[in-house]
Amino acid sequence: MIELKNVSKWYGEFRVLDDCSMRIAKGEVVVICGPSGSGKSTLIKCMNGLEPFTRGEVTIDGISVGAPDTQLPRLRARIGMVFQNFELFPHMSAAANINLAQLKVLGRDRATAQAKTDELLARMGLADHATKFPAQLSGGQQQRVAIARALAMDPIAMLFDEPTSALDPEMITEVLDVMVGLADEGMTMAVVTHEMGFARKVAHRVVFMDEGAIIEDASTAAFFGTPRSERAQQFLSKILQH
Amino acid sequence: MGSYRWNWPILLADPYYGWIVSGFGNTCLIAVLAWSIAFPLGSAIGIARTTELRPLRLVGTIYVEVFRNIPLLAQMFLWYFVVPELLPQDWGHWVKRDMPYPQFLTSVLCLGLYTASRVAEQVRSGLEAIPRGQHHAGLAMGLTPAQVYRYVRLPVAYRIIIPSLTSDFLGVFKNSSLALTIGVLELTSQARQIEEYTFAAFEAFATATLLYCAVTGIVILAMRQVERRTRIPGTIAIGAQ
Ligand SMILES: Nc1ncnc2c1ncn2[C@@H]1O[C@H](COP(=O)(O)OP(=O)(O)OP(=O)(O)O)[C@@H](O)[C@H]1O
Ligand SMILES: [Mg+2]
Numbered sequence: 009m010i011e012l013k014n015v016s017k018w019y020g021e022f023r024v025l026d027d028c029s030m031r032i033a034k035g036e037v038v039v040i041c042g043p044s045g046s047g048k049s050t051l052i053k054c055m056n057g058l059e060p061f062t063r064g065e066v067t068i069d070g071i072s073v074g075a076p077d078t079q080l081p082r083l084r085a086r087i088g089m090v091f092q093n094f095e096l097f098p099h100m101s102a103a104a105n106i107n108l109a110q111l112k113v114l115g116r117d118r119a120t121a122q123a124k125t126d127e128l129l130a131r132m133g134l135a136d137h138a139t140k141f142p143a144q145l146s147g148g149q150q151q152r153v154a155i156a157r158a159l160a161m162d163p164i165a166m167l168f169d170e171p172t173s174a175l176d177p178e179m180i181t182e183v184l185d186v187m188v189g190l191a192d193e194g195m196t197m198a199v200v201t202h203e204m205g206f207a208r209k210v211a212h213r214v215v216f217m218d219e220g221a222i223i224e225d226a227s228t229a230a231f232f233g234t235p236r237s238e239r240a241q242q243f244l245s246k247i248l249q250h
Numbered sequence: 520m521g522s523y524r525w526n527w528p529i530l531l532a533d534p535y536y537g538w539i540v541s542g543f544g545n546t547c548l549i550a551v552l553a554w555s556i557a558f559p560l561g562s563a564i565g566i567a568r569t570t571e572l573r574p575l576r577l578v579g580t581i582y583v584e585v586f587r588n589i590p591l592l593a594q595m596f597l598w599y600f601v602v603p604e605l606l607p608q609d610w611g612h613w614v615k616r617d618m619p620y621p622q623f624l625t626s627v628l629c630l631g632l633y634t635a636s637r638v639a640e641q642v643r644s645g646l647e648a649i650p651r652g653q654h655h656a657g658l659a660m661g662l663t664p665a666q667v668y669r670y671v672r673l674p675v676a677y678r679i680i681i682p683s684l685t686s687d688f689l690g691v692f693k694n695s696s697l698a699l700t701i702g703v704l705e706l707t708s709q710a711r712q713i714e715e716y717t718f719a720a721f722e723a724f725a726t727a728t729l730l731y732c733a734v735t736g737i738v739i740l741a742m743r744q745v746e747r748r749t750r751i752p753g754t755i756a757i758g759a760q
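Chains as they are written, first to last, in the numbering used here: chain A, 9 to 250; chain B, 520 to 760.
Please keep in mind that the hints were generated in silico from the structure rather than gathered at the bench. Computed from a predicted structure; not experimentally measured. Heads up, none of these hints are tricks.
Reference listing, derived: stretches of chain B covered by chain A, where coverage requires no fewer than 3 residues with Cβ under 8 Å from a Cβ of chain A:
id : stretch
1  : 642-656
2  : 659-672
3  : 747-754
The following residues of chain B were derived to be distant from chain A, with all beta-carbon distances above 12 Å:
id : residue
4  : SER686
5  : SER708
6  : ALA720
From the three backbone atoms N, C-alpha and C, an ideal C-beta is built for every residue, glycine too.
Work out the full structure, taking the sequences as your base and the hints as a guide.
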């Protein structure tokens, strides 16, 4: 479904991505982890063309993300993305945030969009918060609205970039629960996260990055059993301490 | 002012009352028309300066630097005396002979183009105050870059810059008095004319000042309402800090 082939990216002299290759099959959940600055966000943003890359190829469902004739907006509309800082639009209510792309990108009529929005808000346990604005919601609620906003597009895959790392501990679970639910339904997911409990529970594979390179790409069991690389071992022991 | 002979009633006499009314009308008209050039044009230039397209950014930067750095009075004279000479001959003739209200239209154009450079800077700073993640979130859901501006970035940017846009509008209102240098009978020049005819200098200029202040007050109050109406629930007046 999502395939990266020898993707490299430079910022001037600095190599952010170093020959990265990976595949995410339909229905697969892949967790991407690694130290800060290792290029995880950059990698996941290459998957929907938010970050241009210097070399290599990214394809989604066989469509090349980097090709000049690809209609990126149409491609991105099929891939949901959830950000560390939620990125809800502050001047729109929760419902309006979820409606926007349904109306403007998919061209749904207002009634259809609103029905979808209501259904998703209910599913996220946010039915009572439809008319609230982002600044009136807790972090956990905002992130669930953001997930609903992505799901409203009926995506074929979802990308998550550290969806819980801006949240207070007591709100992390409510967001992770939603993500576990999605994984159980068979959603194709790429998740940048340090939540190893989540990885153990739902990930099929874990990808470990360091200094822009994919150091390890293993099944979840193999990764948590004995990571092959020393750097992954160090990373895991640090992260599992707390 | 012991020996000054007050003569307020003269302002209500013919033709002076009419002069003040028409001067005030011209001032307001110049300001509103200039603003209706400045706001859309300035917005477009401000947006251009934040796009990824280098040629567009360059055009925007040049525009702003040119119009912001030439003194407004010099711009007024350039538009009125110099530009018609530089136009192709037929156009120049038309501007000099046939264009209706030449001084009035020239001052509207001049103030509009100058104020556009100020509006452009406000719009740019408003857009730049919005975190890049918002742009990414818009693109990620399939909006085109233009749609991200339309639905995500501009609505927030304009809210942030309401106070500075208000002072730019008041600026164009005050700057409209420069139109008198090319012979437009706006409020200040009418006050001066009344002074020349009646020697009631204090009365004439005090009235003009009061009218300027009244408009300033009304605009500020109106914009506060706009600010209140568009305030994003849950936030404390963004931009106002
Ligand atoms: N616009 C840029 N110009 C130059 N370097 C950049 C730019 N954006 C990111 N980088 C660098 O690229 C590297 C990878 O950044 P990236 O955000 O992908 O890391 P990350 O793994 O997501 O880190 P974190 O865990 O902190 O989110 C970092 O060293 C960062 O400093
Ligand atoms: Mg990151």
